[in-house]
Amino acid sequence: MTQDNRSGRPQGRPPEGDGRVSRGEASLRGPFLLFFVSAVVWLLAASVLGVIAALDLGSMVGVLRDCPWFTPGRIATAQQDLFIYGWGFNAFFALNLWLLAQLGRFEFRNGWLAQLGGVAWNLALTYGVARVFAGEMSGYRLLDFPREVGPVLAVAFLLAGFWPIVAFARRPTGHTFASQWFVVGASFAFPLIYLLAQLLVLWQPASGVVQAIAHSWFVANLLQLWFGASALAAIYYFLPKVLERTLTGYYLAPVAFWTFFLFAGWTGPAALVGSPVPLWLQSTGVVAAAMMLIPVIIVAINILGTLSSQGGWARAWNDTTLRFVSFGAVAFTLAGVLGGVFAFRSMSAVVRFTSFATGLEQLLVYGCASMVVFGASYFILPRLTGALWPSAKLVHVHFWATALGFISALVAWLVGGWQNGQLLANPAVAYADVLRAGSSWCLVLKISAVLVLVGHVAFALNAFGMILKSSAPADSGRHD
Amino acid sequence: MKNLNTLLAGVFLAVALPFGALLLSGQSQLGGLGRAAGEEGGALFPSREPGLAIQGRAVYVSLGCVNCHTQQVRPAGQGSDIARGLGVRPSVARDYALQPQVLLGERRLGPDLANYGARTSPINVETLLTDPASSGAVWHPSYRFVDAAQRTALVAYLKSLRQDYPSPEAKLKK
Chain A
802 MTQDNRSGRP QGRPPEGDGR VSRGEASLRG PFLLFFVSAV VWLLAASVLG VIAALDLGSM
862 VGVLRDCPWF TPGRIATAQQ DLFIYGWGFN AFFALNLWLL AQLGRFEFRN GWLAQLGGVA
922 WNLALTYGVA RVFAGEMSGY RLLDFPREVG PVLAVAFLLA GFWPIVAFAR RPTGHTFASQ
982 WFVVGASFAF PLIYLLAQLL VLWQPASGVV QAIAHSWFVA NLLQLWFGAS ALAAIYYFLP
1042 KVLERTLTGY YLAPVAFWTF FLFAGWTGPA ALVGSPVPLW LQSTGVVAAA MMLIPVIIVA
1102 INILGTLSSQ GGWARAWNDT TLRFVSFGAV AFTLAGVLGG VFAFRSMSAV VRFTSFATGL
1162 EQLLVYGCAS MVVFGASYFI LPRLTGALWP SAKLVHVHFW ATALGFISAL VAWLVGGWQN
1222 GQLLANPAVA YADVLRAGSS WCLVLKISAV LVLVGHVAFA LNAFGMILKS SAPADSGRHD
Chain B
36 MKNLNTLLAG VFLAVALPFG ALLLSGQSQL GGLGRAAGEE GGALFPSREP GLAIQGRAVY
96 VSLGCVNCHT QQVRPAGQGS DIARGLGVRP SVARDYALQP QVLLGERRLG PDLANYGART
156 SPINVETLLT DPASSGAVWH PSYRFVDAAQ RTALVAYLKS LRQDYPSPEA KLKK
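One line per chain: the protein sequences are A and B, in this order. For the first sequence, this note's numbering assigns the number 802 to the initial residue and increments by one for each residue that follows. For the second sequence, this note's numbering assigns the number 36 to the initial residue and increments by one for each residue that follows.
Because the hints were derived from the structure by calculation, they are not lab data. Keep in mind that a hint or two might mislead.
Stated by the list, open to error - Computed spacing ranges between beta-carbons, pair by pair:
no.: 1; chain 1: A; residue 1: Trp-1114; chain 2: B; residue 2: Ser-156; range: 55 to 61 Å
no.: 2; chain 1: B; residue 1: Asn-40; chain 2: A; residue 2: Glu-1045; range: 32 to 38 Å
no.: 3; chain 1: A; residue 1: Gln-1005; chain 2: B; residue 2: Asn-40; range: 44 to 50 Å
no.: 4; chain 1: A; residue 1: Ile-1208; chain 2: B; residue 2: Glu-74; range: 51 to 57 Å
no.: 5; chain 1: B; residue 1: Glu-75; chain 2: A; residue 2: Pro-952; range: 47 to 53 Å
no.: 6; chain 1: B; residue 1: Ala-56; chain 2: A; residue 2: Arg-1237; range: 41 to 47 Å
no.: 7; chain 1: A; residue 1: Leu-1269; chain 2: B; residue 2: Gly-171; range: 52 to 58 Å
no.: 8; chain 1: B; residue 1: Ala-184; chain 2: A; residue 2: Val-1088; range: 47 to 53 Å
no.: 9; chain 1: B; residue 1: Val-173; chain 2: A; residue 2: Pro-952; range: 41 to 47 Å
Bear in mind the structure is a predicted one, so any value in this text is a computation, not a measurement. Every residue, glycine too, gets a C-beta built ideally from N, C-alpha and C.
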């Protein structure tokens, strides 16, 4: 677990840049921008669908009411798929590639292969979502696409998402940094879990409830090992980089990495407490979710510990990148702690089948992963495009709209879910009264969906404006 | 941490071990489940699905009903499912053994449907789909675009859902 330190720089701090756009960085421009622009387009599409779903337009507006495409079940499914596979994957293809190219001084000579993978990924996703709108979906959340889409996505992932591993293998120095471990782990784990889940759920369906076990295993792995690990990689990079400081207790980071990967894969059945699956499976999931507190605590020591010393929070607040990244770090910690506590049977008995699980999931994929990607974009795009962000006001609108929108939605999911669960646990309360009691939270969710859309539009306008303006070649210099 | 092969081998094990322990063991424990009699010499359950119910399941999936409805009854002590009358006993793995696609569901925005076929006064699904307000389910979306044949198949599927027969495992679970 020891790292070489031939460069003589302090442990727990990524290598310094040279202040100019390197050849390696310039070689990433094409693939990075393809992934990034695709990610933002899908994010906007998912946000619009999110507003349609939250406002329940499919049931309210006459023209839409009789249109099968706007059925709540299909809108919700398409929205999730666009957000996870459109935004989440494209964004981390871009970010993971940039991170490992930076840390491994990687010059990307075969960028066209990654771009080919990106195009294939987006075409397969478009086809899959079109089929979802047509009602041809599998019924398994996040494995909704018809089964022929799965192999195409897997091949596209290998073309688009495997390059960080190549960058790691070809790094010129022996030294490694925590971000590299997490990205290599995420890039290697996802194709394995995706192909195995496709096999057991769609191609050769396991018998009976084993399908549900396989599905819960896949969802937990997807969320933790792709979104969680990729977001952690970026948090471990940007915090010490921007603060120009070493991480507190960095020597614990290898333990965080291995315990995170060791326990995350077992947490799936925690989502099945009370379901008709063997008790030993449920208990394994609960124990694993509690054990995830080990990496969560170490990450908190590394990241929140660093932020809490020498005015770190104040500096993070005044830096756009760190403001988003710190938000993500806090969300990760909260997601880990709540995930561990609410996996226990007595807690799960209350919140099962309510919006609480949605809240926990969104805490990881939006509060942590998406906010980290936003923060990273503010750092990376000026370097790759050689342009400045066109509007500081839009940056503020982006942060406040997404932060407030997300926090209000999170409160609605978690507190509303808890209240909903307590009412459901009381058989004396009629089902209609349970639904009626939750209607005020629905209003909060409507407002937050609109707020988040506003934030995403501000981000997209700023980012696209910047990319379009950057006609200058990428090696014209760096503007922070 | 410097060696790529060590890193990849560790991550591979981190994926392979839970896969083997949770899924392959789960399959070996539950994969052989079939129909069984609750009491010696009794009828075999679960019943085989009629053909129309199989078509109805496809309608259920294509409308995304699984987003809001569950099909599972938790044991007493784990929620109030039985006290609420969602079923007379908790669901067991054997109840789903003949289902080609298991739709347990994760959210209960609408009522659980594991025992829709056993309800004594079930809601009229035809009315629920075409005019939810008149059937008292004001929160239920309208599905007027669903044609009559699909509605019939969906009703047949929902009526095939029942877990009120005796089950050897449910006795143990109680």
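Any hints this thing doesn't respect? Which numbers, in order? Hint check: 3 fails alone, others pass.
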